[in-house]
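Student: Given next are the chains, with one letter for each unit.
2 protein chains.
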Amino acid sequence: MKARVTVTLKPGVLDPQGKAIEGALRSMSIEGVHAVRQGKIFDIEIDGEDHKRARATLGEACERLLANTLVEDYAIEVAKSP
Amino acid sequence: MKARVTVTLKPGVLDPQGKAIEGALRSMSIEGVHAVRQGKIFDIEIDGEDHKRARATLGEACERLLANTLVEDYAIEVAKSP
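Chains as they are written, first to last, in my numbering: chain H, 1 to 82; chain V, 1 to 82.
Just so you know, the hints here were simulated from the structure itself, not pulled from any lab data.
There's no promise every hint is true.
[To be verified] Simulated pairs of lysine-lysine, DSSO-like, Cα-Cα distance not exceeding 27 Å:
id, chain 1, residue 1, chain 2, residue 2
1, H, K2, H, K52
2, V, K80, V, K40
3, H, K40, V, K10
4, V, K52, H, K2
5, V, K40, H, K52
6, V, K40, H, K2
7, V, K19, V, K52
[Unchecked claim] Examples of chain V residues toward chain H, derived with CB under 8 Å:
id, residue
8, T6
9, V33
10, A35
11, D43
Note that the structure is predicted; figures quoted are calculated from it, not measured.
We treat Cβ as the ideally placed atom computed from N, Cα and C, and that holds for glycine.
Modelling step: build the complete structure from the supplied sequences, incorporating the hints.
Tutor: The following block contains the structure:
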């Protein structure tokens, strides 16, 4: 079963990397882009077909490793394998 | 207008960071997780309400800055502002 975990900075947390990208785009004459915020995704293959169990496993993985829950939010999407 | 750009490694490109995460999860007794691949997202505010133009701008941003198109794929989602 495939899953995608998305980790983003919580609103209000400063994102200097996003700011740098914004500045870089402007200096490349790519205009109209602002408020860039960077995040991470993890595409994961997970055993079994039990969505609830997969979500629980991934939730634990986020809490303990993938996200810093002080400053980051995470979202889990589980897709059926084809 | 809000947009999200997702940058992922092309299939077949090695992802040592993903491998390390996989190993770390196993060592934390989080089982059943394999084939972890890491990617990046960029949440972007873009001026105007013209979806086609926004996509063109973001496509250029991806080609020139956000993605390394030799080894990475990118996807652009544009959402209407509320």
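Student: Have a go at the A35 (chain V) hint: is there a Cβ in chain H nearer than 8 Å to its own Cβ?
Tutor: Since chain H brings a Cβ to about 4 Å from A35 (chain V), closer than 8 Å, the hint holds.
Student: Measuring from the C-beta of T6 (chain V) to each C-beta in chain H, is the shortest one below 8 Å?
Tutor: Interface hint status for T6 (chain V): holds (7 Å vs cutoff 8 Å).
Student: Grab the minimum C-beta distance from D43 (chain V) to chain H and call the hint holds if it beats 8 Å, violated otherwise.
Tutor: 5 Å, holds
Student: What's the verdict on K40 (chain V) and K2 (chain H), does the C-alpha distance respect the 27 Å limit or exceed it?
Tutor: 17 Å, holds
Student: Check whether the Cα positions of K40 (chain H) and K10 (chain V) lie no farther apart than 27 Å.
Tutor: This hinted pair holds, its Cα atoms lying about 16 Å apart.
Student: Does the alpha-carbon distance linking K19 (chain V) and K52 (chain V) stay inside the 27 Å limit?
Tutor: 37 Å, violated
Student: For the pair we were handed, K52 (chain V) and K2 (chain H), check the Cα-Cα distance against 27 Å.
Tutor: Violated, at about 31 Å.
Student: Quick one, are K2 (chain H) and K52 (chain H) close enough, alpha carbons at most 27 Å?
Tutor: 13 Å, holds
Student: Would you check the hint for K40 (chain V) and K52 (chain H), treating anything up to 27 Å between C-alpha atoms as holding?
Tutor: 26 Å, holds
Student: Does V33 (chain V) hold up as a contact with chain H if the rule is Cβ-Cβ below 8 Å?
Tutor: With Cβ-Cβ at 5 Å, under 8 Å, it holds.
Student: Are K80 (chain V) and K40 (chain V) close enough, with their CA atoms no more than 27 Å apart?
Tutor: 22 Å, holds
Hint violations for this structure: numbers 4, 7, all remaining hints satisfied.
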